[in-house]
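Colleague: Could you use the hints to bring the two separately framed chains together as a complex?
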Amino acid sequence: MSAELLELTAARAAERVRAGELSARELFETYRERAAGENLGAFLWVATEAPETSADAPLGGVPLAVKDLFCVEGVPTTAASRILEGHRPAYTATSVARLAKAGAPMLGKTNMDEFAMGSSNESSGFGPVTNPWDRERVPGGSSGGSAAAVAAGLAPWAIGTDTGGSIRQPASLCGLVGLKPTYGAVSRYGMIAFASSLDQAGPLTRDVRDAALLFGHMVGRDPCDSTSLDFPGELGEPSAERLDGIRFGVPANLTGDGVEPGVQQVFESTLATIEELGGEVERVDLPNADHGLSAYYLLAPAEASANLARYDGVRFGTRSGNGDLLSMYEDTRGDGFGDEVKRRIMLGTYALSSGYYDALYGKAQRVRTKIAEDFRTAFDRVDVIVTPTSPSVAFRLGERTGDPYAMYLSDYFTVPMSLAGIPALSLPGGLSEGLPVGVQLAGPAFSEGRLLDAAHALERAIGFDGSPARG
Amino acid sequence: MAEPAHNFEPVIGLEIHVQLRTRTKMFCGCALSFGDEPNTHTCPVCLGHPGTLPVVNAQAVRYGLMIGLALGCTPAERSLFHRKNYFYPDLPKGYQISQYDIPLCREGRLGDVRIHRVHLEEDAAKLTHAGTSGRIHGAEASVVDFNRGGTPLVEIVTEPDLRSAEEAAEWARLLRATLKRLGVSDVNMDEGSLRVDANVSVRPAGQAVLGTKTELKNMNSFTFLRRGVEAEIARQTGLIGAGERVQQETLHYDPQSGSLTSLRSKEESHDYRYFPEPDLVALAPAQELLDEIRAAIPELPAQRAERLKTEHDLPEETARLFAFRTELGDLYEQALGGGDPRIVANWVKNDLVPRLGDTDPDAWKVTPQALAALLALVADGSISQGAAKQVLDELVANGGEPAPIVEEQGLALAGEDELAGIVERAMEQEADAVEKIRAGNTKAIGAIVGAVMRETKGRADGGEVQRLVRERLEAQ
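Chains as they are written, first to last, in my numbering: chain S, 1 to 471; chain U, 1001 to 1476.
Bear in mind the hints are in silico, worked out from the structure with no lab data behind them.
Predicted model only: the values in this text are computed from it and were never measured.
Note that beta-carbon positions come from the ideal geometry of N, C-alpha and C, so glycine has one too.
One thing to keep in mind: the hints can contain errors.
[As the list claims (entries may be wrong)] Label pairs and their in silico Cβ distance ranges:
1. Tyr-350(S) - Gly-1241(U): 39 to 45 Å
2. Gly-1241(U) - Asp-335(S): 51 to 57 Å
3. Asp-1358(U) - Gly-74(S): 47 to 53 Å
4. Asp-257(S) - Arg-1135(U): 57 to 63 Å
5. Glu-234(S) - His-1129(U): 54 to 60 Å
6. Phe-1087(U) - Ala-359(S): 38 to 44 Å
7. Ala-1058(U) - Arg-88(S): 30 to 36 Å
8. Ala-1058(U) - Arg-343(S): 36 to 42 Å
Looking at chain U on its own, in the form it has when it is part of the complex (with noise of 0.2 Å):
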């Protein structure tokens, strides 16, 4: 992908669709699945009904709360829904149940981007279309699953703050790490619970006024957000390079080809005659349920990254990567105990973390507590590292206690004793290299300690192996 011109600024904006992680619908009863039987999960409510009114699910009031106070928003004292109106046969009752001039929450900031508004609004129903176009024009038919309809969805808006594709995707991780962290959401790109659109203009390096703007969507995965959003950067760039005009528009990024396609022009556009939703009163949440929420906040991964930064020293990159996986950052802290915290994060990161692989942290069979006999056990000379690493492959395959395990294993350092003759005859074995080390060359004994390791299937600490074979030459 080209880079964009130099002379260039590319202004990016981002929207993200969350979906709630609540036991039941925005606005009635049903329960929130995902790969279940179509239709299963439906009534009169989120069906569009005649004669059925939307009841506001205060779970998803709260989860909204927390996301915006967490994003450093303030919450509106009377936020107002209002109904979005246009036909689709995803929409039960021909308009959206979302809000508009006044928002749940505004003006916040996650790291360098500014949070221009949080809102409430509920998911459309999925629609199948059967035949090649893919669309619903042209479709042979389309069949609509309403188990997603009325999911509770919020929606946050970025101010325009981003200024390259990297840096879009990079926030785009801060923001999902810490909706992570909060557990309102389960943040799967794959299932849609988090979805990202980007709003995407450049303008001549310099030039405090905006491009037009287009709209990017169905970027499904971080990579694609950022392949997307270079690739328009690019396109407009050509445009405007050969001297034609970005229009505004919609465009559908496709993942396999990562090409653009125009969904609608500004012309094109919908009206979608927004007014308030008279089914339902203002919400106006009391001072004390935003105490409450603001109490339940945990650390956010922004503020856990500059902690392990400035308090355990651990480089950028390690502080990152515990801060935005949030179970990893609590098993480093956890086995941490007493120890030096950038050894324990390097176990973590440099061993632990290639052997954990994609593997669902509820599934993790390595508890903290292990991990910190097992570190524990290297740092007093109880076994050596390349025995601790044996460990740990059992620890994260089976569970268990490191020291049952060295006891079975029999991985234990070999003692003086033992020791002592394993050395003796190894330096038997390796007359050549005994001779060498008398003539001077003292890089030989590499030999015999390698024979001592060999014999002792790892279990001998180098150093002191080292230490016997210079005693008894000095006694010879």
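Chain S with its partners taken away, still in its complex shape (with noise of 0.2 Å):
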């Protein structure tokens, strides 16, 4: 039983659940005993038991795989940094409260980049995942623990965070399919800040269904964050087959150069299967998209360097120092923040400081808006932008952690789209060396339902096997 279990897709689950053909405390027991067992070093904390769950919830009881950055009430929520050691928040972050109602129950809470910053899953203060696909490999980050959790069979979903491609990148890496839904279209509320400009929840899911499922139970206005926006229009299930009459764009500068021959080939196969299904793919330009990653090295440290001011001691998390205020502060922090939180806080406050705040953080913002510009004018002509995701398959673990720079280059072609706050989902297009790569499309903000749609078209075509070996 356990074992077919373990094969359905979420959406299929729930079905199943809905038609009383399954339990949902077995589902529930079955993925818990997983996860609470698991060695890949996915989840921080699993629940001990099943909630209750109303048979007729839309998502079927089906559980949830909760990155760590979502606030859970009196459940510990460290965003993967020991400064928040042993801190159980008093509130629920609105997307985890939505997909409960809705009928997905936190199943744990999944292992992260510190503070979502970092491309590998490494910089988490409890130790890296491993990829299910080869142990010696990282699952990318920083939603890295809910990407490998729901490859490997640990979770039928999970929800992350992408801020410059933490939900894009680690659904490259592992096979699956990630969605970074348009700025404003899901509460931010609960989650735990890094660059509040461009951090965004959305699915990981094992296919586009899934995605659309989890995505359309997220979205909508939250009282409690004014950046937060009514989705227009209906999210239907996506159900596309062919792509005719649908325009693609490939941008010449995020594809290419610096991209792995493997992952190139599978990206080159992907236009071809776009052509095949009647999608028409042309060139086309976004000049300013390579400044987005330099861009982004100024914004996103800038916005942490005040997120990440309220760890100080004071109120919640953990505490150091000789007593006086300075050395609290000082030893807290430095005990606290791992290096790669600390190298950017202190990116994030030079490029603010008076003096430099022109000519780095005043000059990023102005890139920022070139490349929402770019992409503006690029979607009059084009109905989706395709870009790999990643320039590389899965790398190995500690390849990239003593080149800072390396691994931020992990985030070239996913970085614009945060930038421009527009959807963007990465589905897997194929294999290279064995290992999964990932296949990006963009749209303009808003058009998550045609993405979707034309994810699934590509996904049947492909007829990608997302299974590594599940044991």
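Modeller: This is how it looks when you write it as structure tokens:
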């Protein structure tokens, strides 16, 4: 029973539960045992018992892995940082509450890069996560635990967060579908902030249909998040099988150079599939996209430097020091934050400093505006922009930890969409050296429905087998 | 305190922080409070817990706009919130949400002083330091009460248009009265709901360029404001006179000793690393909202003082008293009826104000109707001025209507019939006086009038008594 159960996508499992053919409790317990006994480092906390869920809830009681960036009342929530060790929030994040209400109870909290700062999950304060496709390799990051959990069948589906690629890149490296929504589509309330103007929550799932189902229950304006918006129009179940008349734009500067040959090959075969399905592929220009990474690594750290100021030892989390104010600040933060977090706080503090603000933060904001304009211009000509999600397949643990810049390059193709606030998803395009390769589809704001539909057609045609050896 | 040397001109600008009287805090749903058990009005948002987000209090925006419009400012079409970053235990997020390059309103005027800007922000929490230092450094322990943290604040910044400490205190009084009239704040300097900082510099008279300024903090009354600024003007003038330079710094005024101590110099000043608050969207007030707020602004003290001077012909001092103390002005205007403004105003100012003292206007027992009725009794000769003051004592102490009090206490003026007998007896008793009057000493009539007054306990009209005395003398 258990093995067969694990083969079900979340949407199918939900259907079975709703049809009375499967017990939600059994489903939860099966996954709970797997999550509690896993050895990838994917979970930081696993629920001890199945919560009560109504049998006719739309998500059928299918358990959900939740990135440790989401606050859940009474449940340890650390953002994978030592500075929040022992922190149990007094409230629950809107996304988690909405999904629980819709029938996706929380299975556990997943590991991640500390405060979502990283592309390999190696910056976690609680140890790295390994990729179920190859235990020597990283799952990507920062939502690495969520991605590994779903890829390894430790959870039917998961939510993560994406600031510059943190859902899409791990989805790519783990052979999953990952969606970063339009900025404002999903409430950020209760999501521990990294870079507030970029952070968005989204699904990591085995297939496009699961992603659409989960996403549909995350969207909507939240009175607790002033930047959230009502999702315009309906989000139906993706059903397209063809891509007739849909125009796909390939930005020359977001493919080719710096892309591993195996990844490029999968990307090109995906373009061929698009054409076979009736889609049109053409070149499109995003002239400023090459500056995306530079702008991102000023803006995101700048916001982070303020967002992380609250970890001062006064009210929550850990406290160090010899009792005087300055030592409390210095030692609490010195002991509690990892290297990558400290690096970004310093970068961001510098970028906002008087005398440097215009040249750094100000200029980065202007680049951001230019990139958003580039996308708007491009979307006058094409419906979807398509790129590889990551320049490489999953890399080896430790391979890039000594070289932050090499690590940052992992986000080269995903960061421009984040800066523009537009939706983008990664879907598996195939394998290279036996490892998954993701393809990124991006569209104008609130075009998630169209993106998921196009991804659905591609997914059918590609026929990716998304299961590494599930033991 | 020494007067500033005559050849130096002080230049003063004020920065005023006003706690708004909203029901809830600036960015969360916690109730505002004062003096409650510490940390009982807090939530994850105002404690800066991970993952929380601010949501702007619409009433605070409304009050902020009302202040801006009342001060003649132009509201920004889209004003922005910024983060002001610094570490301190009373600042839970490690930044204060404030406004920076595009404030809610700018460029207005109150009286002779131009308003530079009006912006919204959140208040910090309250720190208490145990130990002898009284400051965080050297304290045995420091505790934080987050009840105040997140209280909506409006900061009002003036242009440097004030030229003396007295002018600064006087203008601050006008601003306080204006804010009180708007009903947007308790404007209580003791409790910190109105806080005034002063930027002070001096320059040689006639010089256009401003001198180096210092910022004075902690002057929690108008008197301390005046004294603090006076002290700083004297200090700066002294420095320059001695050939030294004024350093740009922030100074703490100690009202007990009157001393000024440096909080931080320019070199030590914070780099606040302002940047736009990404958790909030721009404030873009709709025209209808602005129209509605404008319509809701009552007559303000400056306008009222002007009207009472010109239309009621009241002296400057009385007009300002009624304009600055809104409840007093209201009582005066409501009691006025068809009466003579100057007479009613004199009663209020000279007789009522001393009797009311510092009583909270909400607790006043005397009504404008009762006051009007009392003054009518005086005007039509039913009671004497002296009796009226007795009635006023009763009205202030216990309320009620004047007529029954007059009746109860037997204060009505004696009629001619009753008076005739009393006058006759008084003339018999004061025979010496009668003789003196006959001998040509008219002033001696006072003794007879006095006797009548004693007998009637003040119920007699002096003029009437004199008339009756003369009548009888002529008849004899």
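Colleague: Hint compliance check: list the failing hint numbers for this structure, sorted ascending.
Modeller: 6
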